[in-house]
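Dock chain B against the given chain A, drawing on the hints supplied.
Protein chains in written order, with my numbering: chain A, 2 to 87; chain B, 2 to 87.
Keep in mind that a hint or two might mislead.
Simulated restraints on C-beta separations [stated by the list, open to error]:
| # | chain 1 | residue 1 | chain 2 | residue 2 | range |
| --- | --- | --- | --- | --- | --- |
| 1 | A | Q5 | B | P6 | 28 to 38 Å |
| 2 | B | G36 | A | R30 | 34 to 44 Å |
| 3 | B | E85 | A | E29 | 19 to 29 Å |
Note that these hints are calculated values from the structure, not bench results. We treat Cβ as the ideally placed atom computed from N, Cα and C, and that holds for glycine.
Number of protein chains: 2
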Amino acid sequence: MSDQPAYRFAVNVTPKPGILDPQGRAVERSLPHLGISGVSGVRVGRRVELTVRAADAAAARTVVDGLAAELLSNPLMELFEVEELG
Amino acid sequence: MSDQPAYRFAVNVTPKPGILDPQGRAVERSLPHLGISGVSGVRVGRRVELTVRAADAAAARTVVDGLAAELLSNPLMELFEVEELG
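Looking at chain A on its own, in the form it has when it is part of the complex:
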């Protein structure tokens, strides 16, 4: 399998709209102490970068989509988005 091409992806996982995001709230609350104004709507999620070796880009993408849905995100509370890196 190691002679298959490698594709690098990022999976961006963010809390669904309406889901409480305590880390985002914590960031917002610390902003005044840093003298920063004008910042709102802070949402804190995860970014997972990974390499997939597969027959082609479509097959690699299928692997990443499955991984994102089953292991990297919680579908009840989070959304994910897959990005192919250059």
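For chain B alone, kept in the frame of chain A given last:
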């Protein structure tokens, strides 16, 4: 200030190359149990999305760059990258 235009950004924070990433290792170790092969180089970071109101896009970007460097990332162990969202 609320009549200033709003810009939405994402800050992607990832562990520096060479820095131990226990979350990434945990993902890699769970892959065989899920019957997934061909995945490597897993790095787990954070993705922070936020809105900035500022006079223009350049001023908003400056606020985000400062926030990313001072609050959202640990410069000893992490890299960050700012992305303007559509």
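A quick look at each hint next to the structure:
Evaluation of the 28 to 38 Å hint for Q5/A and P6/B yields a failure: the beta carbon distance comes to about 46 Å. Between G36/B and R30/A the C-beta distance comes to about 43 Å, which sits within the given range of 34 to 44 Å. For E85/B paired with E29/A, a C-beta distance near 20 Å keeps the hint of 19 to 29 Å intact.
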